[in-house]
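Q: Same order as they appear, the protein sequences are chains B and A.
Residues in the first sequence are numbered from 1 upward in steps of one, following the working numbering.
Residues in the second sequence are numbered from 1 upward in steps of one, following the working numbering.
Worth double-checking, as some hints may not be accurate.
As the list claims (entries may be wrong) - Here are the computed lysine to any residue pairs in the SDA-like style, where the Cα-Cα straight-line distance is at most 25 Å:
1) 171/A - 32/B
2) 93/A - 292/A
3) 13/B - 221/A
4) 171/A - 29/B
5) 171/A - 21/B
6) 247/A - 315/A
7) 5/B - 135/A
8) 13/B - 231/A
9) 5/B - 225/A
It should be emphasised that the hints constitute simulated quantities derived from the structure, not laboratory data.
One-letter residues, chain by chain:
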Amino acid sequence: VRRVKHALWAVVKSLFVIFMLIFALAPIAWLVIGSLSGVDIQTFNQARNIPWSHLWDNRQVYRFFWDFPPFRDSLYASLILCGGGTVVTVVVAVLAGYSLARFSFRGNATFLFLTFAALMTPSALVLLPTYVSVGWLETHTGIVLRNNYFGGILLYSGITLPLAIILARGFFASLPRQLEDAALVDGCTPFGAFRKVVLPNAAPGVFAIAFISFLLLWSERNIGSYLFASNPHTTTMPVWLFNNISTYTGAGTPLAPAVIAAVPCVLLFIVGQRWLRRGLQAWVVDG
Amino acid sequence: VIDTDGSQEQIAVERAAAQVPSLRIRLARRWHRHWLPYGLLAPAAFLIIVVQLVPILEGIWFSFLRLDSYHMRQFLGAPFIGLENYRQFLFVKANTLHADALPALRTTLIAALVIITFSLTLGMLVALLLNSLPRPLRFLGVLVILPWVIPTWVIGQLWVYIWDREGIVNKILVNWSGLLSHPPDWFRGFDSFIATVLPSIWQSYAFAALVFLAALRAIPHELYEAAEMDGANGWRQFWRITLPNMKGIVAIVVLVAIIFSLYDYPLFSQTALTGITPDRWSSEYVPIVIQDSVLGFPHWGAAASTVLMSALLVIVLIWYAAFRKSLVSR
Chain B
1 VRRVKHALWA VVKSLFVIFM LIFALAPIAW LVIGSLSGVD IQTFNQARNI
51 PWSHLWDNRQ VYRFFWDFPP FRDSLYASLI LCGGGTVVTV VVAVLAGYSL
101 ARFSFRGNAT FLFLTFAALM TPSALVLLPT YVSVGWLETH TGIVLRNNYF
151 GGILLYSGIT LPLAIILARG FFASLPRQLE DAALVDGCTP FGAFRKVVLP
201 NAAPGVFAIA FISFLLLWSE RNIGSYLFAS NPHTTTMPVW LFNNISTYTG
251 AGTPLAPAVI AAVPCVLLFI VGQRWLRRGL QAWVVDG
Chain A
1 VIDTDGSQEQ IAVERAAAQV PSLRIRLARR WHRHWLPYGL LAPAAFLIIV
51 VQLVPILEGI WFSFLRLDSY HMRQFLGAPF IGLENYRQFL FVKANTLHAD
101 ALPALRTTLI AALVIITFSL TLGMLVALLL NSLPRPLRFL GVLVILPWVI
151 PTWVIGQLWV YIWDREGIVN KILVNWSGLL SHPPDWFRGF DSFIATVLPS
201 IWQSYAFAAL VFLAALRAIP HELYEAAEMD GANGWRQFWR ITLPNMKGIV
251 AIVVLVAIIF SLYDYPLFSQ TALTGITPDR WSSEYVPIVI QDSVLGFPHW
301 GAAASTVLMS ALLVIVLIWY AAFRKSLVSR
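The following block holds chain A by itself, in its conformation from the complex (with noise of 0.2 Å):
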């Protein structure tokens, strides 16, 4: 193959040599060159600096500012006060989002965890099952997979509707078998950990089948074929072919997930909509105590946004360091 390319590549410089341009051609040539590659980039350029750029470093710079409610109006003319925002935020105890980020913080990544590793565990079970299932089969994953596509907000709202009181899952626990003998209060302490979680959960599992489903597909199947001969079993072949090939799949995952649970403001806030306790496990999490703090105190707000940014920066480069070697294996 390289040999014809080759020969092909050096057809074309000896036509191109045989022929000496016109100027026009010549310059359409260099503007392709040299100008086609920014040409492409332009219109996203433009947008990606007025729509996220320009707001993004406008947020930062409102984290260096007293926009309280009195200097609302001013917005960018606010009064600068350095790091102020800052030491609100991580040190001074009698902040209110400094009191509700901690255990926020400690919420969402327990949750963060719970939800990677459960999404991650049975979406490959399901990918491994679906990929063994015979042809008329097939049609299941569609099926399987349909809690992807259903609107976040929606979640949402089947969520609550199913924790409800009276609700399907108390009435399935309670009245119907007999599991428990009280009805738990699903939005309230532990019991509103499991309720946002578990939507969570059903969201994302779906999302990592379908892409370990689809890398599933482009192993080949030689190497299969091979283990065969070789007497390897299914577990074997599970641990030594298919997640060597997949691993770095699983990392761009791994990253969408702790992105998705760290951000993933509607549907935490959906499902906890009704009946916030402060406790421990209040379903108060990091993306709706920030929101929460933006609309009151946007300074403060803005202040924990860039922190989150930064940690996630962090959360980000800890992830390179650890799939860096998987990432360019592939």
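Chain B with its partners taken away, still in its complex shape (with noise of 0.2 Å):
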């Protein structure tokens, strides 16, 4: 009776994980055969069958995005707006992290609130503020934030820094405190010890704090749509293409797109998928 038992629960078990894999994985397979299909989601959906076999033939889709100069733009201005931001975001935050975790002053409770505050705070009521203000700056100071990378990757920094400052100071909270014990023991100064005893220590950590970050960024368009989009070197992919919908179907639109602009993502994902757990764990143990 136990050996039937323990062999039916291995069956259900593994049932379970083939209808999680498919269903995890059936979309993303979905998306990518549509991709490839080489004509417009209309037709393809209202295709009979699924042209298997021409499949591989219409990749040259991809080579079409990759050669089509806006979307080639739009891609750079993707990874170099989200990219600056994040690593303003990740240094700003390891920096603000660690002294929130790490040291008691007057303001720790008071800024932590006012993080937790920003947060919270729904995206629509952000937007048109940062807008007016972005204006007022511009007519008054002659400081230009709109439409140039110094003010993107500036924006998109202060987009996820909230988010950011919590993790980190969850995360050098976790790290144990005895390292740097140590090193101010043996007369490094406080922000030596931080610098070449705690950093080294805590590549996992901020690897899933930039990868968190940039994710977020990669999906914005808000802000991205109302300040950036008249300029072709700032128009982030996902503006662009909800500019150009309609302008542009036909070869596979808008799905290659999809596909390429969720490739970053995914390799970022599976080449620091262990690092991220780490940093996770770390984490998670006490946040």
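Fit chain to chain and form the complex, with the hints in mind.
A: Below, the structure is given as structure tokens:
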């Protein structure tokens, strides 16, 4: 009886695994197939059969978009704004998170509260004021934040900063203190201990923060379409696609660009999943 | 361990006392002790204030102004009308935002409940399973968590194309299996609710699974060995060891899920992109309704956003009260 029960359990388990794999991957696979169909979505959906034999021949759809200058520009714009924003966020959030996790000082709790408040604010509330403020800055101080990389990276880094700070704080709080204490005893300054002892051990956590921030920014569409859509070099991919869906229908649009947009995230995830897991693990143990 | 630490500290203190440091070093130490935390915090404080807090305060200020299309150009200089926008949003039946908000609130709350229940359960099951898989099959974990890393707007597009009237779902249901005789319109009525909620579950269960998996790996193995010795079966082990050890992380995932299901404008809006009909399940969600009103009537939108923010604050306080014990005990 025990053996039968064991075998049954194994069957149930593997069935569930297969079900979850299909549930998780089938939509993605369908996206890739659709992008390779070589026709637009409507035609593809109306077709009776899936043109399996033609799929591989239609891979030039990707070539087409890759060589298509406006799309390339938007891809670069996304990489620069999201990548730059991620780097700034991570550097700033790591410093702040360490400070919040390790030092007790006046204003510590207040700052944390404000960060939480910023995290919980609907983006709809912030959008128009940001637009107004950027316009005000432009007319009164001559600092232009619209449609350039400087403003883009500044504003993008601000979007994810609250989340990144909270993640970083949790992560540093989970690192053992002994290492730093030892470094302090050996004559390191507190900042030296942070730079030489803590940071080298924080790589997984830093990667996790960077990855989550990057994911969030990569889907950003509000600020991008209000403030950065008039310069082709700062028009990010989602913004460009949604402004041009009707113009470029045909040639498998817009599924091929969607696949291309997902590739950097998937690659980063597969390459860094070990670090991501370790970073999350540290964060999970006591946040 | 504590003993050696203590003696090390003592040695350090003695060493420090033995040599009287120069003024420069003393100043540097002073700086480190008092100003280092602020120095580390400064860039973050600057960015948070400039990019987040100032716009938030401006937005809250907007909610007290008459910022209709006539006064739009004046922005912060528009006439001050006190709580009128809140009255409009909360009580005036003729107000479009008020009319839309209530059904949207109901749909959103039900959607949030469904999404959280399903994604947490699925996430937990997946995490438990992945944790029990033998090493060579661990790569399956990467595949199952993949939906989480697909950009939100890609997910929206993908599912719009899947739910299409002639899309794959209807093909499977009607043409291939014959389960239904009539292809449903997934963007209307109750079906639109399913069509917007399922993609959210699809994305968020993967995140839950990732976090739960990390938490599972962190539970000390000895606990399970001890339970095994005592003859506790898998079921009991789950309820007595696994779950109590993961309470805190479950709490955090719940919070993240609440915030995202209230705010996930891109996912909801894109799955509901086509054909929204005024209907009980019309895939009108709070974030979409507010976003739309911000474009047309920023003052009402600002009031609605402020109300939403306060409501979320209350939810977070309830959440904190409910989970405080499990957060502290970790």
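Q: Give a verdict on every hint.
A: Quick rundown of the hints versus the structure:
Distance hint between residue 171/A and residue 32/B is fulfilled; the C-alpha atoms sit about 18 Å from each other, no more than 25 Å. Between residue 93/A and residue 292/A the alpha-carbon distance is near 18 Å, which keeps this suggested pair within the 25 Å criterion. Between residue 13/B and residue 221/A the CA atoms are separated by roughly 22 Å; this keeps the pair inside 25 Å, and the hint holds. About 16 Å separates the Cα atoms of residue 171/A and residue 29/B, which keeps this hinted pair within 25 Å; it holds.
Between the alpha carbons of residue 171/A and residue 21/B the distance comes to roughly 21 Å, so the proposed pair stays at or under 25 Å and holds. For a cut-off of 25 Å, the pair hint linking residue 247/A to residue 315/A stands: about 18 Å separates their Cα positions. Proximity of residue 5/B to residue 135/A is assessed by CA-CA distance (about 23 Å); at most 25 Å being required, the pair is judged to hold. Annotation: proposed proximity of residue 13/B to residue 231/A holds, straight-line Cα distance about 22 Å (limit 25 Å).
At most 25 Å may separate the alpha-carbon atoms for a hinted pair to count; residue 5/B and residue 225/A meet this at roughly 21 Å.
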